[in-house]
Amino acid sequence: MVIHVDQLSKSFDYYKKETGIRNSVKNLFHREKLTKDAVNKVSFDINEGEMVAFLGPNGAGKTTTLKMLSGILYPSGGSAEVLGYTPWDRKNDFKKQFSIVMGQKNQLWLDLPASDSLYLNKCIYEIGDQKYKDTLDELVTLMDVRHLLHVQVRRLSLGERMKMELIAALLHRPRIIFLDEPTIGLDLVSQKNIREFLKAYNHEFRTTLLLTSHYMKDIEDLCKRTIVINQGKLVYDGEIRKINEVMNEKKRMKLTFSAIVERKDLAVMGSIKEYSGHEVILEVERTKFKEYSRMAMDHFPVIDLNLEDIPLEEAIARLYEQPEPQG
Amino acid sequence: MLRSLRKYGFIYSLFIKNSLMSQMEYRVNFLMGLLVETSYLFAKFLYVIIVYEAGLTLDGVPIDAILLFIGTYTLMTGLYWGLFAINFVQIPEHVRTGSLDLLLTKPISLQFMMTLRNVDFGLAIPNVLGGVTMIVVGWRRLGLPADAASIGGFIFFLVLGLFVTYTLFLIPQLLSFWFIQIAAVNDISNGLFELNNMPMMIYSKWIQRIGVFVIPVLLITNFSPLFVLDRLHPGLFLWAILSPILLLGITRWIWSKAIRNYNSSGG
Chain A
1 MVIHVDQLSK
11 SFDYYKKETG
21 IRNSVKNLFH
31 REKLTKDAVN
41 KVSFDINEGE
51 MVAFLGPNGA
61 GKTTTLKMLS
71 GILYPSGGSA
81 EVLGYTPWDR
91 KNDFKKQFSI
101 VMGQKNQLWL
111 DLPASDSLYL
121 NKCIYEIGDQ
131 KYKDTLDELV
141 TLMDVRHLLH
151 VQVRRLSLGE
161 RMKMELIAAL
171 LHRPRIIFLD
181 EPTIGLDLVS
191 QKNIREFLKA
201 YNHEFRTTLL
211 LTSHYMKDIE
221 DLCKRTIVIN
231 QGKLVYDGEI
241 RKINEVMNEK
251 KRMKLTFSAI
261 VERKDLAVMG
271 SIKEYSGHEV
281 ILEVERTKFK
291 EYSRMAMDHF
301 PVIDLNLEDI
311 PLEEAIARLY
321 EQPEPQG
Chain B
1 MLRSLRKYGF
11 IYSLFIKNSL
21 MSQMEYRVNF
31 LMGLLVETSY
41 LFAKFLYVII
51 VYEAGLTLDG
61 VPIDAILLFI
71 GTYTLMTGLY
81 WGLFAINFVQ
91 IPEHVRTGSL
101 DLLLTKPISL
111 QFMMTLRNVD
121 FGLAIPNVLG
131 GVTMIVVGWR
141 RLGLPADAAS
151 IGGFIFFLVL
161 GLFVTYTLFL
171 IPQLLSFWFI
181 QIAAVNDISN
191 GLFELNNMPM
201 MIYSKWIQRI
211 GVFVIPVLLI
221 TNFSPLFVLD
231 RLHPGLFLWA
241 ILSPILLLGI
251 TRWIWSKAIR
261 NYNSSGG
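Protein sequences appear in the order of chains A and B. The UniProt record's numbering puts the first sequence at residues 1 to 327. The UniProt record's numbering puts the second sequence at residues 1 to 267.
Any given hint could be a false lead.
Stated by the list, open to error - No farther apart than 27 Å at their CA atoms in a straight line, the calculated lysine-lysine pairs in the DSSO-like style are these:
1. A/Lys224 - A/Lys242
2. A/Lys16 - A/Lys36
3. B/Lys7 - A/Lys133
4. A/Lys96 - B/Lys44
5. A/Lys264 - A/Lys224
6. B/Lys106 - B/Lys7
7. B/Lys106 - A/Lys131
8. A/Lys273 - A/Lys250
9. B/Lys17 - A/Lys131
10. B/Lys205 - B/Lys44
11. A/Lys251 - A/Lys273
12. A/Lys105 - B/Lys106
13. B/Lys257 - A/Lys36
14. A/Lys290 - A/Lys250
15. B/Lys17 - A/Lys96
16. A/Lys133 - B/Lys17
17. A/Lys96 - B/Lys7
18. B/Lys17 - B/Lys106
19. A/Lys233 - A/Lys254
20. A/Lys133 - A/Lys96
21. B/Lys7 - A/Lys41
22. B/Lys205 - A/Lys91
23. B/Lys7 - B/Lys17
24. B/Lys257 - A/Lys33
25. B/Lys7 - A/Lys199
26. B/Lys257 - A/Lys96
27. A/Lys224 - A/Lys41
28. A/Lys288 - A/Lys251
29. A/Lys133 - B/Lys106
30. B/Lys257 - A/Lys16
31. A/Lys91 - B/Lys257
The set of hints was computed from the structure by calculation and includes no laboratory data.
Work the whole structure out from these sequences, hints included.
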């Protein structure tokens, strides 16, 4: 086990201010102090080489958790061990073994070519000359950015810049990589390139990856396991493909009719998700879909019938509403 | 220890190199910066001329010594703004936007990274050259000995002054970890530095005492000239050595509290 998190919590104080200048003046003298539990007693373990997705709506506490695990933030409660270290002790030996990449923050000097920033990282991480040369060579080949090494970073596209950021983060061969929205704002091709790179990198070096992303494709492609948190609390920890099972094993039945069918006649089979007279999408219990298919064929002018799983995004969105941990 | 010092020394040389390269990417801005700072320098020369023409003497210090004081102040202004302030003023911004996050994960002193990462050559070069010129001219006009003891002593107090500058002006910036925006504090601390643009003898005894012993801002540029003019009492000599150590300890203590208070942003 490389990451052990036990009852980790983080709360922030903040102030509320009603609209308008009058309330701004009022706030000068008195502020109502409020506390937000960004992360609330979260516990999980991650083994070496695992690629784990960290999911949750905006403000759920994903980034805050990653920041605690990388030692950026002190927790308000609980404990965590990463590679045997307490992250917020910020020991240099620990820092040399992990990396954090944030899609919205950069470490490269924008006005210089990436090669200069990479060399600075080499010196900061005390990477030997030969090892640096070999690693850089390998990473630029994998990312296909050799020709961009000597271009000023601010002149690179967002996708190219993210590749360079990843190279900067991987130069010291970290054992754990925390990725916070690494593909945010990238076009589909760049997203795919980054995903493929991460997959290949994990395969080759057995690097542990903890990833947050709002793009389901990132999650589905890279991670078997997902941890879902909402409002600071863990609501699911398990395999992604099992999320549907957890969500009461529902299926989607799409029916196309040759003539208009009344909405009320269809409602008996399950909840109606979409309805247009000639077409309907129903959500039905997995155990009953055979019975309902037969019923539909017998009672309505069906010309087409399709069965599919509930889209993952939707299943996860429903998980956000679950009060207790699942999985 | 030695290995660590070598590592930090080398990385600092990379910071200097990277800063210079970054600034030279914007040629017009770089040259304009040099030009503007040189103009300010000429404004400072006007001070000197006015003081000369007024035939002012301060507490028995000959008129030519003004050049030593203002020269040291100008040199220190270049070093302070070029080496430190350019980084210090970014601290509140780092705290507000959370851009400190990635720096915190680097296996190197965060204080080193945050406070010495950038060097502004446009600010430093004209002031350092102008300051050194004034010091050399003043030195010669006063007929001061150009021996190793005098020059070494002058540089020794300059280095101590540089330590005081670093620690004393870093402390107000650290308040941003608690209060985020600290523009008013910045104005006060910049005002304090400006107290040095004239020899400290022009101030009343009480201001001098506060400026030397309570907030030792007057120690920054006055002690080097006072040493070569043989007007530095042994007590002040000792204080000049003690105060940077004391301030360094206070800064490190506030720094560790400040970093613990860091809440990043977003997420």
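Going down the list of hints, with the structure as the test:
Distance hint between A/Lys224 and A/Lys242 is fulfilled; the C-alpha atoms sit about 10 Å from each other, no more than 27 Å. With a CA separation close to 12 Å, the supplied pair A/Lys16 and A/Lys36 stays within the 27 Å bound. The straight-line distance between the Cα atoms of B/Lys7 and A/Lys133 is roughly 19 Å, inside the 27 Å bound, and the hint therefore holds. Proximity of A/Lys96 to B/Lys44 is assessed by CA-CA distance (about 48 Å); at most 27 Å being required, the pair is judged violated.
Proposed proximity of A/Lys264 and A/Lys224 is contradicted: the alpha carbons are some 40 Å apart, above 27 Å. Our distance criterion of 27 Å between C-alpha atoms is met by B/Lys106 and B/Lys7, whose separation comes to about 14 Å. Our distance criterion of 27 Å between C-alpha atoms is met by B/Lys106 and A/Lys131, whose separation comes to about 19 Å. Under the criterion of a C-alpha separation no larger than 27 Å, the hint pairing A/Lys273 with A/Lys250 is consistent with the structure, at around 13 Å.
This hinted pair checks out: B/Lys17 and A/Lys131 have alpha carbons roughly 24 Å apart, not beyond 27 Å. A C-alpha spacing of about 25 Å is found between B/Lys205 and B/Lys44, which places the hinted pair at or below 27 Å, so the restraint holds. The straight-line distance between the Cα atoms of A/Lys251 and A/Lys273 is roughly 12 Å, inside the 27 Å bound, and the hint therefore holds. The straight-line distance between the Cα atoms of A/Lys105 and B/Lys106 is roughly 14 Å, inside the 27 Å bound, and the hint therefore holds.
Using a Cα cut-off of 27 Å, the hinted pair B/Lys257 and A/Lys36 holds, with the two alpha carbons roughly 22 Å apart. Restraint check for A/Lys290 and A/Lys250: satisfied, since their Cα atoms lie roughly 13 Å apart, inside the 27 Å limit. Annotation: proposed proximity of B/Lys17 to A/Lys96 holds, straight-line Cα distance about 24 Å (limit 27 Å). In summary, the hint linking A/Lys133 to B/Lys17 is supported, as the alpha carbons are separated by about 21 Å, within the 27 Å threshold.
Using a Cα cut-off of 27 Å, the hinted pair A/Lys96 and B/Lys7 holds, with the two alpha carbons roughly 15 Å apart. A hinted pair counts as satisfied when its Cα atoms are at most 27 Å apart, and B/Lys17 with B/Lys106 qualifies at roughly 20 Å. At roughly 35 Å between alpha-carbon atoms, A/Lys233 and A/Lys254 are farther apart than 27 Å, so this suggested pair is violated. Restraint check for A/Lys133 and A/Lys96: the C-alpha separation of about 18 Å stays at or below 27 Å, so the hint holds.
Among the hinted pairs, B/Lys7 with A/Lys41 is inconsistent with the structure: their alpha-carbon atoms are about 40 Å apart, more than 27 Å. A threshold of 27 Å between alpha carbons decides the hint, and for B/Lys205 with A/Lys91 the separation of about 48 Å lies outside it, so the pair is violated. Using a Cα cut-off of 27 Å, the hinted pair B/Lys7 and B/Lys17 holds, with the two alpha carbons roughly 15 Å apart. Between the alpha carbons of B/Lys257 and A/Lys33 the distance comes to roughly 22 Å, so the proposed pair stays at or under 27 Å and holds.
About 35 Å separates the Cα atoms of B/Lys7 and A/Lys199, which puts this hinted pair outside 27 Å; it is violated. With a C-alpha separation of about 24 Å, the suggested pairing of B/Lys257 with A/Lys96 holds against the 27 Å cut-off. Restraint check for A/Lys224 and A/Lys41: satisfied, since their Cα atoms lie roughly 24 Å apart, inside the 27 Å limit. For the hint pairing A/Lys288 with A/Lys251, the CA-to-CA distance comes to about 9 Å; that is within 27 Å, so the pair holds.
As the CA atoms of A/Lys133 and B/Lys106 are separated by approximately 20 Å, the hinted pair is consistent with the 27 Å bound. A hinted pair counts as satisfied when its Cα atoms are at most 27 Å apart, and B/Lys257 with A/Lys16 qualifies at roughly 26 Å. Straight-line distance between C-alpha atoms of A/Lys91 and B/Lys257 comes to about 17 Å, which keeps the hinted pair within the 27 Å bound.
When held up to the earlier numbered hints, the structure conflicts with 4, 5, 19, 21, 22 and 25 and fits the remainder.
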